[in-house]
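Now for the letters of each chain:
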Amino acid sequence: NAGVTQTPKFQVLKTGQSMTLQCAQDMNHEYMSWYRQDPGMGLRLIHYSVGAGITDQGEVPNGYNVSRSTTEDFPLRLLSAAPSQTSVYFCASSRGWEAFFGQGTRLTVV
Amino acid sequence: TQLLEQSPQFLSIQEGENLTVYCNSSSVFSSLQWYRQEPGEGPVLLVTVVTGGEVKKLKRLTFQFGDARKDSSLHITAAQPGDTGLYLCAGFYGNNRLAFGKGNQVVVIP
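Going line by line, the protein sequences match chains A and B. Taking my numbering, the leading residue of the first sequence gets 1, the next gets one more, and so forth. Taking my numbering, the leading residue of the second sequence gets 1, the next gets one more, and so forth.
Hints are computed from structural coordinates only; laboratory data are not their basis. Since the model is a prediction, treat every value here as computed from it, not as a measurement. For every residue, glycine included, the Cβ atom is placed at its ideal position computed from N, Cα and C. Among the hints, a few may not be true.
As the list claims (entries may be wrong) - Under 7 Å between C-beta atoms, here's a sample of chain B residues computed to sit facing chain A: (1) Ser27; (2) Pro39; (3) Gly42; (4) Leu45; (5) Thr51; (6) Arg97; (7) Phe100.
To be verified - Far from chain A, some chain B residues (derived; all Cβ distances over 12 Å): (8) Tyr22; (9) Ser30; (10) Thr48; (11) Gly52; (12) Val55; (13) Lys57; (14) Leu58; (15) Asn96; (16) Val107.
Assemble the whole structure, with the sequences as input and the hints as a guide.
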């Protein structure tokens, strides 16, 4: 049982480049979410989805897009990367009150 | 605005000592969760507290939910080096949004 799988684990981007962080879960959870984790800031919610075809903004959505075409996948797109988006990104899927996290993607924007 | 305030942010203790960390909010939560995160990994759920005044034990870890359901504490008895990690409290608010505190970094020195 893979749980929540994030790819890639590490990525370096140049300012202005775009990329997609992949997230897949095999637990048939309706709720999925993306967080970024920065030193001293904790986990901040970027976007979330309560089911296929439904997404909503979290606390820090600017510069990021999401879509949810299937229950399993919830990709996060960076439209034009900025140094301020250097962070560790976590995807999570939830059942009830319990959230299951992927191992994270460490992104550096230079 | 940080919905969940955790204190202290950093705590270093000797093996065998006891410690308590706190998670406070001005908002009422239907439940609070505690997660532990180790370096390079995603957070892992430890416990969910639901009822005001509830106490849950997980081996040497004791979790308490405040009577008013606005705060929670985590007490570790006879801390071990394996207890080292970032402890995060979390709770749902608004439309299915899961918010996290900034965490309590605990270091247990052998």
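Structure-based check of each hint:
Interface hint status for Ser27/B: violated, as the beta-carbon distance to the closest one in chain A is roughly 15 Å, over 7 Å. Hint on Pro39/B is violated. Least Cβ distance to chain A is approximately 11 Å, over the 7 Å limit. With its C-beta approaching chain A no nearer than about 3 Å, Gly42/B sits inside the 7 Å limit, and its interface hint holds. Contact between Leu45/B and chain A, as hinted, is supported at the beta carbon level, the nearest pair being about 5 Å apart and thus within 7 Å.
Given the 7 Å rule on beta carbons, the hint for Thr51/B is violated: about 13 Å separates it from the nearest Cβ of chain A. At its closest, the beta carbon of Arg97/B sits 6 Å from a beta carbon of chain A; the interface hint therefore holds under the 7 Å criterion. Below 7 Å, beta-carbon pairs count as interface contacts, and Phe100/B has one with chain A at about 4 Å; its hint therefore holds. The beta carbon of Tyr22/B is kept farther than 12 Å from every beta carbon of chain A, the shortest such distance being approximately 15 Å.
Ser30/B, annotated as away from the interface, has a beta carbon of chain A within 12 Å; the closest lies near 9 Å. Not every CB of chain A lies more than 12 Å from the CB of Thr48/B, the least distance being 5 Å, so the non-interface label is violated. Interface exclusion of Gly52/B from chain A stands, the closest Cβ pair being 16 Å apart, more than 12 Å. The claim that Val55/B is not at the interface with chain A holds, since no C-beta of that chain comes within 12 Å of its own (minimum 17 Å).
Listed as outside the interface, Lys57/B is consistent with that label: its C-beta sits roughly 18 Å from the nearest C-beta of chain A, beyond the 12 Å cut-off. The beta carbon of Leu58/B sits about 14 Å from the closest Cβ of chain A, which is more than 12 Å, so the claim that it is off the interface holds. The claim that Asn96/B lies off the interface is violated: its Cβ sits roughly 6 Å from the closest Cβ of chain A, which falls inside the 12 Å cut-off. The claim that Val107/B is not at the interface with chain A holds, since no C-beta of that chain comes within 12 Å of its own (minimum 16 Å).
Hints 1, 2, 5, 9, 10, 15, counting from the list given before, are not met by this structure.
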